[in-house]
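Trainee: Those protein sequence lines, which keep their order, are chains V and Z.
For the first sequence, the numbering used here assigns the number 2 to the initial residue and increments by one for each residue that follows.
For the second sequence, the numbering used here assigns the number 3 to the initial residue and increments by one for each residue that follows.
Treat the hints as calculated values from the structure; they're not laboratory data.
There could be a bad hint or two in this list.
Which residues of chain Z face chain V? A partial, calculated answer using Cβ under 8 Å [said to hold, decoys possible]: (1) D29; (2) R46; (3) A94; (4) D98; (5) R183.
Restraint-style ranges between C-beta atoms, simulated for each label pair [said to hold, decoys possible]: (6) L202(Z) to I109(V): 23 to 31 Å; (7) W108(Z) to A100(V): 27 to 35 Å; (8) V75(V) to P160(Z): 22 to 30 Å; (9) P160(Z) to R40(V): 18 to 26 Å; (10) V75(V) to E36(Z): 51 to 59 Å; (11) R219(Z) to F153(V): 48 to 56 Å; (12) P146(Z) to A64(V): 18 to 26 Å; (13) W60(V) to R219(Z): 23 to 31 Å.
These numbers were taken from a predicted model, which means no experiment stands behind them.
Cβ coordinates follow ideal geometry from the N, Cα and C atoms, glycine included.
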Amino acid sequence: MQMDNMEDTGRQTPLVTARQEGLVACTRCTRVWPIGTDRCARCGTALRSRDRGSLQRVWAWLAVGMICYIPANVYPMLRTRVLFNSSDDTIIEGAIELASHGAVGIAIVIFVASVMIPVGKFVAIAWLAYSVAKPLSMEPHRRHKLYEVVEFIGRWSMIDVFVVAILSALVQLNFAASINPGPAAITFALSVIFTMLAAQSFDPRMIWDTNRESLSG
Amino acid sequence: MKRGPRMADIASDDPDLEELIACPQCDALYVAREPASGERIMCRRCHHVLIAPRSGAFGRIVALAVTVMILMFGATFFPFLGINAQGITNRASVFDAALAFVDGGWMMGLSVAVAALIVLIPAARAALVVYVIAPLALGRRPWPGARRAFRWSEDLRPWSMAEIFVIGVAVALVKVSDLARVEYGPAFWMFAGLVVVIVLQDATMCRWTIWKTLEDRRP
Ligand SMILES: [Zn+2]
Ligand SMILES: [Zn+2]
């Protein structure tokens, strides 16, 4: 059921934006106010018709997120000791280790959550931020879909940090076996957090603006 | 609501602004309408869900949020998982998992973050939701600070990661299984139930209805 079959905001009329009508929308509670209003009187959120300044925050968070991702892959994530053998595994080595023990499905989960999603997110956020600054040909619906996927999926990269936390708490069997976290756990967690902040800073309404509209803001 | 020239009047003197609603994702403007219970109103352009009320939702949300708080308390302190290998047994609670990073200086921060993401933030969100919605469910005026409380609860939503922790547990169990035998404690099942309740609660919450009710019943 969609909005257009109520009253005459109908199929015939082209879609208008709050901005075109001289209104500013509250992104939290969806109430609209005359443009120039500072704060939403319903929920108290600061109002901005388009948050152009948000692009700088997106790039800044994205940069620190990417920087943190490098040591996250170079240093060990897990230090495993079984009897007298100990091994330090980076994220990738951990996934390979799992696959070599036959747990291919789980290895894929770890690889997707810790490598494909983070790297995919860096590329997707950079592309979105670049594409609103220099409008490209990619269709807004597809860019918006990309934004939704990035927003939804980013948190799931935390899986590996939680795996390390549980293993380190659980596998403490004196001399028999022990698992401890490596330094990559912290830089990886930071990388996930900073990339989430980058995605949250992005104002998706800019995706839909035409050239004419996006010039000021 | 007419389109076009009349909109200018609306912007200047605003009695009708209350009737309008703009998509937070793409800025498309619509005339708001209270849909039938269970019906979902989506943005025509980007398909973001704008309004999705359920009848009796306030009462149900409060009940679910209280359940979250009770289960979280149990899930944190009861034994969560145990392993046994060569006669040595070790049990860990969810709290132990959060404290796994405590040894080194830098790692301490990660312990605090993990505790927040899997225990403190989900519990805080549930408490904030109860504070905001309970008076509304009883047909009363909102309690003082309800708007700020609901803003906080919404801001915390992406940082509440109990469901991700559960997937992490599943992965960890596969890793451990060739090393030792695993025992499931009561907290394990509580935590699994908790995740289901949190997902149900978020699906029952229509943000638009809550903000509108907070505004209508403003003291
Ligand atoms: Zn608002
Ligand atoms: Zn929309």
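Trainee: Indicate, hint by hint, whether the structure satisfies it.
Mentor: Hints versus structure:
1. D29: At 4 Å from the nearest chain V Cβ, D29(Z) passes the 8 Å test, so the hint holds.
2. R46: The hint holds - R46(Z) has a Cβ within 8 Å of chain V, the shortest such distance being about 5 Å.
3. A94: holds, 4 Å
4. D98: holds, 4 Å
5. R183: violated, 11 Å
6. L202(Z) to I109(V): 23 to 31 Å: Holds, since L202(Z) and I109(V) (Cβ atoms, about 29 Å apart) stay within the stated range.
7. W108(Z) to A100(V): 27 to 35 Å: Hint holds: Cβ distance 30 Å, inside 27 to 35 Å.
8. V75(V) to P160(Z): 22 to 30 Å: Once the Cβ atoms are compared, 28 Å apart, the range 22 to 30 Å for P160(Z) and V75(V) holds.
9. P160(Z) to R40(V): 18 to 26 Å: holds, 23 Å
10. V75(V) to E36(Z): 51 to 59 Å: holds, 56 Å
11. R219(Z) to F153(V): 48 to 56 Å: Between R219(Z) and F153(V), where Cβ atoms are some 33 Å apart, the hint is violated.
12. P146(Z) to A64(V): 18 to 26 Å: Since the Cβ atoms of P146(Z) and A64(V) sit about 41 Å apart, the hinted range of 18 to 26 Å is violated.
13. W60(V) to R219(Z): 23 to 31 Å: violated, 42 Å
Taken one by one, the earlier hints fail for this structure at numbers 5, 11, 12 and 13, listed in ascending order.
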